[in-house]
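Visitor: These are the residues of each chain, in order.
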Amino acid sequence: MLNARSASTKARDNLISQKVDTLPPSGIRKFFDLLSSVEDVISLGIGEPDFVTPWHIREAGTYSLEKGYTMYTSNSGMPELRQELASYLELRYGVSYHPEHEILITTGSSEGLDIALRAIINPGDEVIIPDPCYVAYPADIILAGGVPILVPTNEENNFVVRATDIEARITKQTKAILIGYPANPTGAVMSKKEADAIAGLAKKHDLLVISDEIYARLVYGAEHICFPSLPGMKERTILISGFSKSHAMTGWRIGYVAAERRFIQALAKIHQYTMLSAPTMAQMAAIEALKNGESEVEKMVQEYNRRRRLMVKRLNEIGLPCFEPKGAFYAFPSIKATGVNSEEFAEKLLLEEKVAVVPGTAFGPCGEGFVRCCYATSLPNIEEALRRMDRFIRKSKLNTA
Amino acid sequence: MKEIFEILEQNARATPEQIATMVNKPVSEVEKIIKQAEKDGTILKYKTIINWPKLGKEDIWALIEVRVTPQRGVGFDAIAERIYQFPEVHSAYLVSGTYDLAILVRGKTMQEISSFVAEKLAPLEQVQSTVTHFLLKRYKENGETFHLPKEINKRLPITP
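The listed protein sequences correspond, in order, to chains A and Y. Whatever position you read off the first sequence (first residue = 1), add 1 for this note's numbering. Whatever position you read off the second sequence (first residue = 1), add 4 for this note's numbering.
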């Protein structure tokens, strides 16, 4: 189709699309490059479980290869997996999805998020997201042709986005609210009351809700509110989740979307032309995870909880005040007392004490004054990292005094 | 309470302070529970798992199947005790199946183990027969594997 002559005569100084060209690189990426220049680092900067996928799940994956399950599956995913998911969502959260028409198996929840946004956004549509939030939210919205509208959250509201703050930003262009609780990077969990308020807004202003519940299983002393289970919300919610965090399966790239048929049909259109189907081996492993993985999930959650308590207590002790994160595996302490900004803090801590944390600003402007510390690492690692951070803070206090 | 013991079972060196934080209980209460458990035999002993082959000092181990004649009134317990009192016996179990006692024996040399079987174990009056299996390689013990690195460092240092 490309006319060679016109291509060569037309001056093009940039072959990359403007949308991509102007998309800022992930703040995490920037830090990653700096990190690779330092040795013997204890990293609290990792956003994935330190557990290896439970053996019975890995075994199911390898067995599927041995048996020759190396072909595509149906676009929507293996019927057995969709059936298992439907029962799982019904049993656990009391929300029923038709396995055939209302569930789509995706290549990780990241694909689900991408195609959900692409399926609903017209150019210029606004999607409301909390600030700070997972790095992919604003980028995926922009790539889908939409405009991310950031709603600030802070310590006072425990980093949960408030309905009143959302409402103040609703315009004619607003199409959807994208939320992700339990939250990366803050560890915040949304209460029933807070979720109800957002549900009310969605109804009042006829908005869609995209609910990213990838951390749903990682809650500690709090109940996870499955957004579509709220009255009247199933018909306007696109639920996105997966197995990465609950079953320590990040590298398998296996997730799912659950929503009413009209949405799933739209998402499936993009999915069938781009991804075709999720990895077959990973789907087989996911079936095993749902059938027999519950006790392993509970074991991991219990272990995270112990580490969480230890990390939060130590952070507060060393002078980095930290609200109690009740979900995911992140603590989000304030570093304001140190007098430096998040990026400087993270950079100095890395160079001086070889501990990696992620500056809060990587997740949005409201992350300034905070750093993300992941406690999905061994107890000795957590203790050593906190010892080093303690030393770092005492040293910097001496310098400023 | 069970959680305190689970933590100690994983790491005998966890301090009462650490455990208290992890289980969200006061330190004094955790200390009390541990003291009581040490007294009443809930906690039997604190031990260390040593990877001896790493030091080039590997003992010889054998798993011995023992068929015995149970005795009136005491069943298998009396003969089991006669056997497990020998310091060579590392572990002893009563099992179901084609034999009765499974015992794990540890010695410096193969010779030491064969003489234990020939001179001490087999001649016991209630012992009908023994089958000795020498251990060739140890893969996993007490939930710990010997040959894999414990910390999986396959993760990238920073991920979103």
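It is possible that part of the hints are untrue.
Stated by the list, open to error - Here are the simulated EDC-like pairs of lysine to aspartate or glutamate, each with C-alpha atoms no more than 16 Å apart in a straight line:
#1 A:Lys300 - Y:Glu21
#2 A:Lys300 - Y:Glu62
#3 A:Lys235 - A:Glu91
#4 Y:Lys158 - A:Glu299
#5 A:Lys205 - A:Asp166
#6 A:Lys205 - A:Glu236
#7 A:Lys300 - Y:Glu92
#8 Y:Lys58 - Y:Glu123
#9 A:Lys292 - A:Glu85
#10 Y:Lys158 - A:Asp41
#11 A:Lys314 - Y:Glu148
#12 Y:Lys36 - Y:Glu7
#13 Y:Lys141 - Y:Glu123
#14 A:Lys355 - A:Glu49
#15 A:Lys314 - A:Glu325
#16 Y:Lys141 - Y:Glu13
Just so you know, the hints here were simulated from the structure itself, not pulled from any lab data.
Visitor: Taking the hints in turn, state whether each one holds.
Guide: Hint by hint, here is what the structure shows:
1. As the CA atoms of lysine 300 of chain A and glutamate 21 of chain Y are separated by approximately 22 Å, the hinted pair breaks the 16 Å bound.
2. For the proposed pair lysine 300 of chain A and glutamate 62 of chain Y, the alpha carbon gap of about 34 Å is over 16 Å, so the pair is violated.
3. With a C-alpha separation of about 12 Å, the suggested pair lysine 235 of chain A and glutamate 91 of chain A falls inside the 16 Å cut-off, and the hint holds.
4. For a cut-off of 16 Å, the pair hint linking lysine 158 of chain Y to glutamate 299 of chain A is broken: about 23 Å separates their Cα positions.
5. A threshold of 16 Å between alpha carbons decides the hint, and for lysine 205 of chain A with aspartate 166 of chain A the separation of about 15 Å falls inside it, so the pair holds.
6. Of the supplied pair hints, the one linking lysine 205 of chain A and glutamate 236 of chain A holds, its CA atoms being roughly 14 Å apart against a limit of 16 Å.
7. Under the criterion of a C-alpha separation no larger than 16 Å, the hint pairing lysine 300 of chain A with glutamate 92 of chain Y is inconsistent with the structure, at around 37 Å.
8. For the given pair, lysine 58 of chain Y sits about 32 Å from glutamate 123 of chain Y by alpha-carbon distance, which is inconsistent with the 16 Å threshold.
9. In summary, the hint linking lysine 292 of chain A to glutamate 85 of chain A is supported, as the alpha carbons are separated by about 8 Å, within the 16 Å threshold.
10. Between lysine 158 of chain Y and aspartate 41 of chain A the alpha-carbon distance is near 14 Å, which keeps this suggested pair within the 16 Å criterion.
11. Taken as a hint, the lysine 314 of chain A and glutamate 148 of chain Y pair is broken in the structure, with Cα atoms around 30 Å apart against an allowance of 16 Å.
12. For the hint pairing lysine 36 of chain Y with glutamate 7 of chain Y, the CA-to-CA distance comes to about 15 Å; that is within 16 Å, so the pair holds.
13. Distance restraint check for lysine 141 of chain Y and glutamate 123 of chain Y: the Cα-Cα separation of roughly 26 Å exceeds the 16 Å cut-off, and the hinted pair is therefore not satisfied.
14. With a C-alpha separation of about 20 Å, the suggested pairing of lysine 355 of chain A with glutamate 49 of chain A is violated against the 16 Å cut-off.
15. Taking the CA atoms of lysine 314 of chain A and glutamate 325 of chain A, the gap is about 9 Å. The hint holds against a cut of 16 Å.
16. In summary, the hint linking lysine 141 of chain Y to glutamate 13 of chain Y is not supported, as the alpha carbons are separated by about 25 Å, beyond the 16 Å threshold.
Violated hints, listed in ascending order, are 1, 2, 4, 7, 8, 11, 13, 14 and 16; each of the other numbered hints is respected by the structure.
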